[in-house]
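Quick note: the sequence shown uses our numbering, first residue 192, plus one each step.
Fair warning: there could be bad hints in the mix.
As the list claims (entries may be wrong) - Here are the simulated DSS-like pairs of lysine-lysine, each with C-alpha atoms no more than 25 angstroms apart in a straight line:
id : residue 1 : residue 2
1  : K277      : K215
2  : K232      : K200
3  : K203      : K257
4  : K242      : K212
5  : K211      : K257
6  : K211      : K200
7  : K297      : K232
8  : K257      : K292
9  : K203      : K232
10 : K200      : K228
11 : K232      : K257
12 : K242      : K203
13 : K215      : K203
14 : K228      : K277
15 : K232      : K205
16 : K200      : K257
17 : K232      : K305
Worth flagging that the hints you see were computed from the coordinates, not collected in a lab.
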Amino acid sequence: MHHTEAVNKLEKSKEFDSWKKTHKDAYLVHFFKMLDKANEKLWQIGYYSPKTNLISVFIVNGAITKSEDSEVFKEQKKLVQPLILKDAVIDDIKALETANKILNEKYKGSTVFKSFMILQNIDAVGQVW
192 MHHTEAVNKL EKSKEFDSWK KTHKDAYLVH FFKMLDKANE KLWQIGYYSP KTNLISVFIV
252 NGAITKSEDS EVFKEQKKLV QPLILKDAVI DDIKALETAN KILNEKYKGS TVFKSFMILQ
312 NIDAVGQVW
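Assemble the whole structure, with the sequences as input and the hints as a guide.
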């Protein structure tokens with residue numbers, strides 16, 4: 192499942208709809224995916240609430256579940272930047288292909304034990320995988 196399919200599934204779900212009623216200020220901030228067999232079909236999608244300064248993470252797989260809200264890792268007094276999906280230039284598949292190409296070209300012979308991908312909006316860089 193692509194990241195856009197995962198967020199569409201999430202935002203159409205009753206779980207998300209119910210949560211959003213009490214988190215009207217929250218907005219999309221990240222997609223996270225572990226790239227191992229056990230997690231290959233699972234997306235973690237995060238929403239940040241400036242009101243509570245907490246992040247809510249939904250796990251989208253066959254079902255939708257929500258993790259307990261947690262504090263955000265960020266510099267003090269900086270706002271967590273929202274993700275604007277239409278501004279994401281490449282999708283998750285292309286991002287992974289590009290990363291693998293760079294790995295094979297620049298780090299030939301290196302062994303990767305665990306890998307993941309994340310889409311987020313970083314202040315000085317913008318939206319990046």
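Verification of the supplied hints:
Taking the CA atoms of K277 and K215, the gap is about 21 angstroms. The hint holds against a cut of 25 angstroms. This hinted pair checks out: K232 and K200 have alpha carbons roughly 13 angstroms apart, not beyond 25 angstroms. Between K203 and K257 the CA atoms are separated by roughly 15 angstroms; this keeps the pair inside 25 angstroms, and the hint holds. For the hint pairing K242 with K212, the CA-to-CA distance comes to about 14 angstroms; that is within 25 angstroms, so the pair holds.
About 12 angstroms separates the Cα atoms of K211 and K257, which keeps this hinted pair within 25 angstroms; it holds. Taking the CA atoms of K211 and K200, the gap is near 14 angstroms; set against the 25 angstroms cutoff, the hint holds. A threshold of 25 angstroms between alpha carbons decides the hint, and for K297 with K232 the separation of about 28 angstroms lies outside it, so the pair is violated. With a C-alpha separation of about 34 angstroms, the suggested pair K257 and K292 falls outside the 25 angstroms cut-off, and the hint is violated.
Between K203 and K232 the CA atoms are separated by roughly 18 angstroms; this keeps the pair inside 25 angstroms, and the hint holds. For the suggested pair K200 and K228, the alpha carbons sit about 22 angstroms apart, so the restraint of at most 25 angstroms is met. A C-alpha spacing of about 16 angstroms is found between K232 and K257, which places the hinted pair at or below 25 angstroms, so the restraint holds. In summary, the hint linking K242 to K203 is supported, as the alpha carbons are separated by about 24 angstroms, within the 25 angstroms threshold.
Between K215 and K203 the CA atoms are separated by roughly 15 angstroms; this keeps the pair inside 25 angstroms, and the hint holds. Using a Cα cut-off of 25 angstroms, the hinted pair K228 and K277 is violated, with the two alpha carbons roughly 29 angstroms apart. Of the supplied pair hints, the one linking K232 and K205 holds, its CA atoms being roughly 21 angstroms apart against a limit of 25 angstroms. A threshold of 25 angstroms between alpha carbons decides the hint, and for K200 with K257 the separation of about 14 angstroms falls inside it, so the pair holds.
For the hint pairing K232 with K305, the CA-to-CA distance comes to about 16 angstroms; that is within 25 angstroms, so the pair holds.
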